[in-house]
Structure formats: C-alpha cells, structure tokens
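With chain C's structure known, arrange chain V on it following the hints.
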Amino acid sequence: MSAVRHVMSVTVRDRPGVLVRIASLFARRGFNIESLSVAQSEEPGISRTTFVVTGEDATLEQVQKQLQKLIDVIKVIDHSQAKSIDRELMLIKVAVQSPEARVEIRQIAQDFRARIVDVARHALVFEVTGDEGKMNAFIEQMRDFGIIELIRTGRVALPRGESDAQRLPSVRSRAA
Amino acid sequence: MNGAEALLKALERQGVDLVFGHPGGAILPVYDALYDSPIKHVLVRHEQAGAHAADAYYRASGRVGVCFATSGPGATNLVTGLATAQMDSSAVVAVTGNVASSLIGTDAFQEADVYGITGPVTKHNYLIKNVEDIPRVVAEAFHIAATGRPGPVLIDVPKDIQQAEFRGSFEVEIDLPGYRPTVVGHARQVRKAAEAIRAAERPVMMVGGGGQVASEEVLAFARKTGIPVITTLMGIGAFPAGERQALGMPGMHGTVTANRAITHCDLILGAGLRFDDRVTGKISRFAPNATVVHIDIDPAEISKLVKAHVPVVGDLRDVLPRLGEELEPLAIDAWWEQIEAWKGMYPERYKKDKPLVSQEVIQLLREASGGDVVVTTEVGQHQMFAARLFPTTRPRSFITSGGLGTMGFGLPAAVGAAFARHDETVVCVAGDGSVQMNIQELATVYKHQLPIVIAILNNGVLGMVRQWQEMFSAERYSEIYLADSNPDFAKLAEAYGIESYNIFDRETARELVPQALARKKPVLLNFFVYEAEKVFPMIPAGAGVDEMMLGDQEPDEVTADGPEVTA
Numbered sequence: 001m002s003a004v005r006h007v008m009s010v011t012v013r014d015r016p017g018v019l020v021r022i023a024s025l026f027a028r029r030g031f032n033i034e035s036l037s038v039a040q041s042e043e044p045g046i047s048r049t050t051f052v053v054t055g056e057d058a059t060l061e062q063v064q065k066q067l068q069k070l071i072d073v074i075k076v077i078d079h080s081q082a083k084s085i086d087r088e089l090m091l092i093k094v095a096v097q098s099p100e101a102r103v104e105i106r107q108i109a110q111d112f113r114a115r116i117v118d119v120a121r122h123a124l125v126f127e128v129t130g131d132e133g134k135m136n137a138f139i140e141q142m143r144d145f146g147i148i149e150l151i152r153t154g155r156v157a158l159p160r161g162e163s164d165a166q167r168l169p170s171v172r173s174r175a176a
Numbered sequence: 001m002n003g004a005e006a007l008l009k010a011l012e013r014q015g016v017d018l019v020f021g022h023p024g025g026a027i028l029p030v031y032d033a034l035y036d037s038p039i040k041h042v043l044v045r046h047e048q049a050g051a052h053a054a055d056a057y058y059r060a061s062g063r064v065g066v067c068f069a070t071s072g073p074g075a076t077n078l079v080t081g082l083a084t085a086q087m088d089s090s091a092v093v094a095v096t097g098n099v100a101s102s103l104i105g106t107d108a109f110q111e112a113d114v115y116g117i118t119g120p121v122t123k124h125n126y127l128i129k130n131v132e133d134i135p136r137v138v139a140e141a142f143h144i145a146a147t148g149r150p151g152p153v154l155i156d157v158p159k160d161i162q163q164a165e166f167r168g169s170f171e172v173e174i175d176l177p178g179y180r181p182t183v184v185g186h187a188r189q190v191r192k193a194a195e196a197i198r199a200a201e202r203p204v205m206m207v208g209g210g211g212q213v214a215s216e217e218v219l220a221f222a223r224k225t226g227i228p229v230i231t232t233l234m235g236i237g238a239f240p241a242g243e244r245q246a247l248g249m250p251g252m253h254g255t256v257t258a259n260r261a262i263t264h265c266d267l268i269l270g271a272g273l274r275f276d277d278r279v280t281g282k283i284s285r286f287a288p289n290a291t292v293v294h295i296d297i298d299p300a301e302i303s304k305l306v307k308a309h310v311p312v313v314g315d316l317r318d319v320l321p322r323l324g325e326e327l328e329p330l331a332i333d334a335w336w337e338q339i340e341a342w343k344g345m346y347p348e349r350y351k352k353d354k355p356l357v358s359q360e361v362i363q364l365l366r367e368a369s370g371g372d373v374v375v376t377t378e379v380g381q382h383q384m385f386a387a388r389l390f391p392t393t394r395p396r397s398f399i400t401s402g403g404l405g406t407m408g409f410g411l412p413a414a415v416g417a418a419f420a421r422h423d424e425t426v427v428c429v430a431g432d433g434s435v436q437m438n439i440q441e442l443a444t445v446y447k448h449q450l451p452i453v454i455a456i457l458n459n460g461v462l463g464m465v466r467q468w469q470e471m472f473s474a475e476r477y478s479e480i481y482l483a484d485s486n487p488d489f490a491k492l493a494e495a496y497g498i499e500s501y502n503i504f505d506r507e508t509a510r511e512l513v514p515q516a517l518a519r520k521k522p523v524l525l526n527f528f529v530y531e532a533e534k535v536f537p538m539i540p541a542g543a544g545v546d547e548m549m550l551g552d553q554e555p556d557e558v559t560a561d562g563p564e565v566t567a
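Quick mapping for you: the protein sequence lines, in order, are chains C and V. Using my numbering, the letters of the first sequence correspond one by one to residues 1 to 176. Using my numbering, the letters of the second sequence correspond one by one to residues 1 to 567.
If you are wondering where the hints come from, they were derived from the structure by calculation, not from laboratory data. Only a predicted model underlies this, so the values are computations on that prediction, with no experimental measurement involved. Wrong hints could be hidden among the right ones.
[To be verified] Partial pick of chain C residues on the chain V-facing surface, computed with a CB cut under 8 Å:
no.	residue
1	Arg13
2	Ser24
3	Lys65
Just so you know, even glycine gets a beta-carbon here, dropped at the ideal spot from N, CA and C.
Isolated chain C (complex conformation):
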C-alpha cells in the first residue's frame, strides 16, 4: 500500500485542545501532517481547519470517522472526494544580485501575478497566491536567483458551486 495525499477540511468548535485531539488521531494512524491552517469561519465560535495529510488510503476512512466522533468536531470533508477549490499564500524573499537580475525577477513575478510587498537593495519579497502547482513553479523559477527564505500558509479549501456541505450550525454559548 502506498501513502496518499489528502486535503481535509475539519470544522471545529473553537475550544482549547481540539487541535491536539485531531493531530493525535492522525498520528495514531500513521498520518503525517504536511500543512495545517486554522482560522475563524463565518460563524463566531467555529473555526475551519484545512489539513494536508499523507497516509495509507485504506485507513483514511477510519480516521475520518474517528475525527467525526470528536465532540468538538462538527464536520469533516475529504476534498479528494469532492470538487473543491484550494489555495495557499506564500511570502518569498529572493536575492537580487544585479540590476539585470532585478529586471528578470520582476518580469517572472509579473507572469505569476506575484505582488512585490517589500523592496530592499539586495532583496525582493513577493506575495504569491494560488494552488500548489503555481507555488512550486514560482519557487523553481526563483531558485536560480537565490531564495533567502520563504513561508507558506498551507492550503485552504472549499467545495465548489452552491454546495452547502460546509454550512455551519450556529453556536449558542461561549466556549468553555
């Protein structure tokens, strides 16, 4: 059996400890968490998390069911099963060795619709959003110039169209 990559949305009550529970469920079944993003949803008290995990395909359904059992987990969606859009955001600092390099870097960045968010004498910082393929392609292009550092948010995902698969119940009380 081979390890397969899955993008999963887990909607949770905004309570301390809930991420630990989710993370330990993945760990117990041998799943590695590649990226994780957490933020408030449109409903106060409820957060959306997106996990990118790799692990055995056969155990994924079991992990999904176990996640669903956690009291503070409201919904679990495996985006590999659903039609979804996913995006991530990256900040990347590229070395500028010469005036010619600066022109070339800016040209490539334009093609990628990357925004310049900081300009220094020997470096440029870009903000790039898009899917994973675009991130990786941009990184490849910048490698020759010299990447000083980069950071990625990890993927966030939503189902396409009018699906309300992720619609949330409202929460009455404050978090305990």
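Chain V alone, transformed into the frame defined by chain C:
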C-alpha cells in the same frame, strides 16, 4: 454558593446520589461542600479503584458512575480506570480538582496536565475556566457519557473555580452541535439487512456489549427468528446463557460450537460489538463465507476490522424490533442440526485429577448461586473460566474488563456493583496475581460490609502468562512465580476484618461455597488450585478461528489420570 457547591448541586440535578472518590488538596472545596450535601461518598483507598467502582456502578445499573480525585497523582491514578471504561463503553463522569488557574502550567505542587493526559482515554473532557460554566459542563458531560456509544467524561476544576462565588443559573441548555448520535437505523438498511438474513441458510447472531442495554430486544428477535446466538465476553447476559439458542462465547477462548458456527456460517448478524481481535483471530480466516450485517450505534466501528456488507448505524433498541418485524421464523433446521451436533460433541469439560481445579470452583460458585448473582472478574485464566462456566443469565451482571484487560479491576468493580445492586450478592472471581493490584479495597469492602464473596483462584503463578510461556516459549517460565511470596490471603483479609478461608480440597470447597454465598457480608475464599491448568480451547494469537487448539476439550481424549467432568 461557591463553585464547589454549584458542582454538587449540578450533579444532584443529574440524579447523582453516590460518588466514589479520594480527597486531596486541590479538591478540598468540593469535599468541604460534600459535608453538607445529600450525595453519599464512598471513600476508596486508591483513585484507580474509584474509577473502576464508578465504571462497574454504571455497568451494573445503567446509571452514570461518578468518581472524584484530586489534582496531579490523584488524577493520573484515574487514567487506567478511564481507559478501561473507554474501551468497554462505560458511562463514567470523573471530576478532578486542579491547582488554581494562576498556577496551571507552572509545575506547581501536585500539578499535572490532566486535560492533556486524559484526552486520549476519554470520550470527551473539560477544563473549567469560568465558574458560571459548571452547570452546563456537568449537563453536557452526563449527556455525552450516557448517550450514543457510552464512555467516560472528565471534568477538571481548578481550585479557584471551586472557591469562586457562583451566581449563574442551573437552567442550562446543552450545546453540542458536533454531537448527534444516530439512534434510528436507516429504513433502507434495515430492509437490506432483513433481505440478507432471509436469504441465509446458516445465519448466526453475535451480540456484544451493546446488547446489555437491549437484552429484551435481543431475546425477542432471537425467539422470533430462531437464529443461533453467540455472546462475546462483553455480551454475556445480553442473551441468557441457558437458552437453547445460546452457543456461548466466540474467539480466542470461546466455545468450539461458537467458533465452528462462525467458520461455517453464511451470514453474521453483528449486534453492538466491535469485532475485537480476540474475537476474530486472523481476519482473513474469520467467517470466510459470511455476509456481514453489522448494527452499531458507533459508525466508526462499522467496517473498521471486519468489512460489513450491510451496515446499519443505530441503537439496537430501535433496529432489532424493526428488523424482527420484517422477518418470519427462519427455516434453518439443517443448520441447527449441525450446531446441535457440535454442541453434543464439544460440551464444556475438564479433568478433576488434582485436589482442586479452577473450573470446578467456578462451577461450584455457579451452582450454589443459581447463576443469580452479579459476577465481577479480574483478568487472566480465571476470567476466561468464569466467562465460560459462570455466564450470568441476566444482563448487566457479568462485569469484566474486556477491552483493556485491566488486572486490578475485579475487586473495586465488585464494590461498585454492590452499591449499584443493593441486595444482591456479588461474586468477585479473582486470581492471586490480579487481586493484589487493588487489594487495598478490602478496606472499602469491610467498611460498608458489602455482600461480596471474593473467590481467589490461587494457583501461585500468573496463570495466563504461564500458559503462553508453556505453549509458545518452550516452557521458559519468566517472572510468573508468585507462590513463594504471596501473602496468606486469608490472614490478610482477616487483618482487614473480613471473614476468610484457605481452601485446599473439593470437600471443603463444596461445604464453604454455599455458606459464603448466603452470608450477605464480605467473605474471602482463597482456593489453592492446580498450578498448570490451561484454558482450552485456545486460538493462538494471529491464528484463524478455524485453528483452535482443543486441549482437554478434545472429545476423544483419554482421561487416564482422573475422572472427567462435563460442566
């Protein structure tokens, strides 16, 4: 009113009138409030025992068991008890004190990350940060513990929250949008299940711990359809052991008939069980020809180990009656003929070629009690002998640590069961190894003069480990010998004020067992039994259900060295 008083009031509103616990620094305000509370407190002598007692209280009565412990070591001592309850789906609410909120995370005296530590061994847990949350958290904890698939819930209450002034309301609404157990089985799935059962020629029903709450429904379904019924270790009593349709326990130490039926059946109706590895053996050899219909309230159990062809998520109390309505009595006479033949060929049997053997002690206990008692067990050979030779006829009456296999469970469980079932005699079947793991509870047994008969099957070794070492480690006995340093259990019990006897032969056993059962007060019987007895049949770990080793259950075995007894 302070937080501690509010906590007790919230517990009262859940119908709690009894808790098991042990006080300490960080839970002092609760114990102070207890002084004026109508809630009765049973002082255990170790927090682990408190958790087991609360667990058994639930199993014996169906009412949520409650235990208290202090912070740090008090709370960490609960962990084994919580894990035991979690594995066997037992509704327990544990309340722990913690150091004051301002000290949490500072490595204060008797501080431990109880919320973090107990997460993996509970159905859910809470750390209360606001005194006004107490009524809602308690209401949610009881709701979570007792509904759906039951399980333990822990509430950690920092000391300053216990002391804080409470001005909140007890009229609270449960607010759990992520928790909606499926109780009603899907109509289409119930129909599909009925179709599969109707089409089967050799069906068998397997009932697990979930059946303890649905014993009437199980009995009605079984009677109407005439289906053979296997009960797992956790399902003992969910279907009466004496019924003609009962095939006994499946799995590693199951009956030959149950295991043969599993191997040869063409349909398994699994009801409230989780196909544990001790039941299935090697999965690929488990019921190879069977269509599997699996009813369980926990969707995560379906197709976890054994693939279900027809899954039905729901409560047995809902699903079984509806399934029964769809079915007529099954025409399975040929299958029954086969099963009866196995039953006839493989009755329970053992040899009485020594002054005293474990099986006959258990049989004596069953006969003398009429089977009409609550049985608790420790873990090991005696547990398996009890499961096979002392299965109770009523639900909620065979109380054992099945999933976690916790040595030290039986004696505190007897305490919990005795409080749950006031006038009934409780028999704690124990081994000389296991019983020492919570032996301090003799004090609790004595103090409340509980009608508990502690039957120690004292073979001087860790019997089950010895059996494995004999069979699978070429008799390289490693660290199993106890006899040279066991206490004199009768003297020990006497030191606690408990009537007790050392018993070396079957004549004395026959005389003392009925007397002890009639006493309605604590009695400890220390039976010296044959050391090298083994539990048979046995399926070696990792082998298939069809690869049973029969040992003394072999029908044509020569019994030259003593009379053979059929139980």
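Hints, one by one, checked against the model:
no.	hint	result
1	Arg13	holds, 6 Å
2	Ser24	holds, 6 Å
3	Lys65	holds, 4 Å
Violated hints for the displayed structure: none, as all numbered hints are satisfied.
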